[in-house]
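Undergrad: Spelled out, the chains give:
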Amino acid sequence: MSDADVIVIGGGPAGVAAAVELRRHGVARVVLLEREAQLGGATRHCSHSPFGMRDFHRVYFGAAYGKRLEAEAARAGVEVRTGHSVVRIEAGGRVDLATPRGVGTLQARRLLIATGARETPRAARLVSGDRPIGVVTTGSLQAYVAFHGLMPFRRPLLVGSELVSLSAVLTCLTHGARPVAMIEPGPHPLAPAPLAWFPRAMGIPFHCGAELVDIHGASRVEDVTLRLRDGTLQKHACDGVLFTGRFTPEAALLLQSAIGVDPGSSGPAIDPYGRTADPHLFAAGNLLRAVETAGWSFREGRAVGRAMAQDLADGCEPGALLPVTFDPPVKLVVPGLIRRGGPAKPAFPDFQLRFARQARGRLSLALDGREMWAQEKTWRPERRVVLPIPPAAQTAGRVHIGFEERT
Amino acid sequence: MRPEPTARDESFDNGRFDIAVIGAGVVGCAVVRRLALAGAKVVLIEKGSDILSGASKANSAILHTGFDAPPGSLELELIKAGREEYLSLRPSLGLDLVKTGALVCAWNDHEAEKLEAIATQGRENGVSNLALLSGAAARATMPGLSERLVAAIEVADEHIIDPWTAPLAYLTQGVALGARFLRNAELIEGRFDGDWRLATTAGTVTAGAVVNTAGLYGDIVDGRLGFTPEFEIRPRKGQFVVLDKAAYAHVPRIVLPVPTEITKGVVVCPTAFGNVLIGPTAEEQADRVRATVETEALESLLARGAQIVPALAGMPVTAVYAGLRPASETKAYRIFCRPEQRAVTLGGIRSTGLSAALGLAQHALKLIEGFGLSLSPVAAPAVRLPNLTETRPRDWQQPDHGEIVCHCEMATRREIEAALISPVPPGDFGGLRRRTRAGMGRCQGFYCNARLAEMTRGKLREPLAIGDEPS
Numbered sequence: 073m074s075d076a077d078v079i080v081i082g083g084g085p086a087g088v089a090a091a092v093e094l095r096r097h098g099v100a101r102v103v104l105l106e107r108e109a110q111l112g113g114a115t116r117h118c119s120h121s122p123f124g125m126r127d128f129h130r131v132y133f134g135a136a137y138g139k140r141l142e143a144e145a146a147r148a149g150v151e152v153r154t155g156h157s158v159v160r161i162e163a164g165g166r167v168d169l170a171t172p173r174g175v176g177t178l179q180a181r182r183l184l185i186a187t188g189a190r191e192t193p194r195a196a197r198l199v200s201g202d203r204p205i206g207v208v209t210t211g212s213l214q215a216y217v218a219f220h221g222l223m224p225f226r227r228p229l230l231v232g233s234e235l236v237s238l239s240a241v242l243t244c245l246t247h248g249a250r251p252v253a254m255i256e257p258g259p260h261p262l263a264p265a266p267l268a269w270f271p272r273a274m275g276i277p278f279h280c281g282a283e284l285v286d287i288h289g290a291s292r293v294e295d296v297t298l299r300l301r302d303g304t305l306q307k308h309a310c311d312g313v314l315f316t317g318r319f320t321p322e323a324a325l326l327l328q329s330a331i332g333v334d335p336g337s338s339g340p341a342i343d344p345y346g347r348t349a350d351p352h353l354f355a356a357g358n359l360l361r362a363v364e365t366a367g368w369s370f371r372e373g374r375a376v377g378r379a380m381a382q383d384l385a386d387g388c389e390p391g392a393l394l395p396v397t398f399d400p401p402v403k404l405v406v407p408g409l410i411r412r413g414g415p416a417k418p419a420f421p422d423f424q425l426r427f428a429r430q431a432r433g434r435l436s437l438a439l440d441g442r443e444m445w446a447q448e449k450t451w452r453p454e455r456r457v458v459l460p461i462p463p464a465a466q467t468a469g470r471v472h473i474g475f476e477e478r479t
Numbered sequence: 006m007r008p009e010p011t012a013r014d015e016s017f018d019n020g021r022f023d024i025a026v027i028g029a030g031v032v033g034c035a036v037v038r039r040l041a042l043a044g045a046k047v048v049l050i051e052k053g054s055d056i057l058s059g060a061s062k063a064n065s066a067i068l069h070t071g072f073d074a075p076p077g078s079l080e081l082e083l084i085k086a087g088r089e090e091y092l093s094l095r096p097s098l099g100l101d102l103v104k105t106g107a108l109v110c111a112w113n114d115h116e117a118e119k120l121e122a123i124a125t126q127g128r129e130n131g132v133s134n135l136a137l138l139s140g141a142a143a144r145a146t147m148p149g150l151s152e153r154l155v156a157a158i159e160v161a162d163e164h165i166i167d168p169w170t171a172p173l174a175y176l177t178q179g180v181a182l183g184a185r186f187l188r189n190a191e192l193i194e195g196r197f198d199g200d201w202r203l204a205t206t207a208g209t210v211t212a213g214a215v216v217n218t219a220g221l222y223g224d225i226v227d228g229r230l231g232f233t234p235e236f237e238i239r240p241r242k243g244q245f246v247v248l249d250k251a252a253y254a255h256v257p258r259i260v261l262p263v264p265t266e267i268t269k270g271v272v273v274c275p276t277a278f279g280n281v282l283i284g285p286t287a288e289e290q291a292d293r294v295r296a297t298v299e300t301e302a303l304e305s306l307l308a309r310g311a312q313i314v315p316a317l318a319g320m321p322v323t324a325v326y327a328g329l330r331p332a333s334e335t336k337a338y339r340i341f342c343r344p345e346q347r348a349v350t351l352g353g354i355r356s357t358g359l360s361a362a363l364g365l366a367q368h369a370l371k372l373i374e375g376f377g378l379s380l381s382p383v384a385a386p387a388v389r390l391p392n393l394t395e396t397r398p399r400d401w402q403q404p405d406h407g408e409i410v411c412h413c414e415m416a417t418r419r420e421i422e423a424a425l426i427s428p429v430p431p432g433d434f435g436g437l438r439r440r441t442r443a444g445m446g447r448c449q450g451f452y453c454n455a456r457l458a459e460m461t462r463g464k465l466r467e468p469l470a471i472g473d474e475p476s
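So the protein lines, in turn, are chains A and B. If you count the first sequence from 1, you need to add 72 to reach the numbering used here. If you count the second sequence from 1, you need to add 5 to reach the numbering used here.
Treat each hint with caution, since some may be false.
[Stated by the list, open to error] Computed footprint of chain B on chain A, listed as stretches where at least three residues anywhere in the stretch have a Cβ under 8 Å from a Cβ of chain B:
id	stretch
1	147 to 161
2	201 to 211
3	322 to 328
4	400 to 413
5	417 to 431
6	448 to 455
Hints listed in this document are in silico derivations from the structure and should not be mistaken for laboratory results. We put the CB at the ideal spot given by N, CA and C, even for glycine.
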């Protein structure tokens, strides 16, 4: 006896879009579990970034986007339960829960996990130095500002040069903080060029190829030492360190389950329907690959929701799985699995790739050694790369994404 | 350089205490409890803004048996006494014990040759539950160990505890008996004129006797009390890596190396909180304050961990930390008793302080009893600390906890609010983390740091948010 047809774990764009889509396709009981008090996921505290252009055809900021998601879920008849934390997922569609009233267990015919991504904190980056307070990630900073009207520092060093890093600069500048410098360990800024010039335009020194080698401070950050590209050490007085980007899937539930995570993406391996190796468990959104926009995650959630509805309607036994192989410096491929058989229209029409570093060369897709697609150019890290999944992949014995580097 | 006195808290000037304990590490907390139970009026003087601000905040959380302690040493005797008392009082204080057992692992023939002698010494030390195992037999008790394992000694009674709740429980019980905890109070100078006059940065304290449990500052405090220090602290830094809870399934036991003359070596062990710990390094340094982590050392600990338990390779890192052990010129505990001045020094408690703390406290009381203070024991008040370990139900599993504030470590609003108004409330953010686990998890505050900043406004000496210093 199931408590729900589908339980969706996570009330961000992907989870809500999937839940709504499942209801639209006639799935009777869709329960959405969100551990926070509001829906929206990471968008809740991003007060300055616009959301919703692709999904709702209008612009929302931060909390307003979450409110729109709540309205959509309510209208579609999704049973939304906020303040509900999933503490464990088990094979066969079972979840253990913590709620404000105590613990419990729910059983569903299918699970969708859409727990999103977060930034890599200082500890996991193994940065040297003292461990004073004032060291936070962009997500934390934005929560300080958006929810509590507080600031963790006034003069932070900012580490990273992704899109989120620029958003972090904006949050600082609009809330009375001024980064003392911004550094990127790689040779080039990770954000696209016009945006990457923004910190310099604001008069914030920006160093590529620079590393943070020491954080110093007894209780609060007092200064940091950078090693610049030419090897010189530079000390900056500051009162905080803001680590931005290096998103990683929030995959704790999977790490502690039999499913595990893919070493490349650090998220669950899925097939083109969004299904994991556990036939009851699907996944969507930034949990799959850090990191995409809210709009991208929303559309991905919607597509996986559609595939799940079809799966529930068909009731077919899922086919065997084939892992997709790839050459470095490709870091991850999503979907990383090909499923034998299945409906004609998958949730994922394309492979999504990321490169671990900047590389010039020829990227190709081959089925059983036969090249189906190729492109040569300079590939940048942290940029979205998509290439179409050929229908013949479903029956191929080997699906390989190759890379030949040109130096 | 000695600090200048400030007149922030003069309320202590008028009261006289039987005994002043200097230093709120695990040993100081245990001593306060023992002396308070003996009927003494005690004050605990601490330089930092919370208990466990020095060496005691960073250790491997092992409750040792003493199997590898120097035979016939006071250290061995006090480890055993401390362990025994911990085991007997832990149900009443709500303290935990994760019964893991340990394996002393030999990774080559050279190390394997030393196992026999280690086992013999262990038995001579009175630790009977020891077994020499082949590599295969040891791996049968812990399949995650590398196939390279040659042989091991199983020490069935080495266990894991919560290293922060135990000392907090000791002090909480002392405070329930009327002991005072004076924070942000660095000893400037002590004079003995029949009573001790202790000038601190938070006012002057008068006491009939003094116990120096100042850990990393043990020799300096002896100097400030007017004694010629008979030992010298030589801080030894230890860095640790804490792995994600997903690693816990692979490490059900404490994995010890075959020790060398210099160090006990790198340990891989589970924590009471469901993580895995790798460390410590052993690095001599002069600085008594700074305990920095270093990228290279952390990377090498991760590599070492993966050599020992291959499944740990690539496991996400939850936290990193470093601590200083108050080592001295010799391995032995540096315990001095000066009956004429009614002073006891418990110094050089290198790396077994957590296990031996209660034994050291018993020992200190014995020495103080020789001072001729008139004490009459009192009944132990009921004190129960909140459970933070995975061995027993946590607050989030009970109804009406409000909400879960830290999702990684499942710390509830009720727990955090209770800690902030507890008899020994946190004085800084680290203290709050140690009392609740909030912010200790894999996201290191990505989700909850701002919330904690809001909940702790005006309550911590160094606030999380700028411009929020308590008035």
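Undergrad: Which numbered hints turn out to be false for this structure?
TA: Violated: hints 4, 5, 6.
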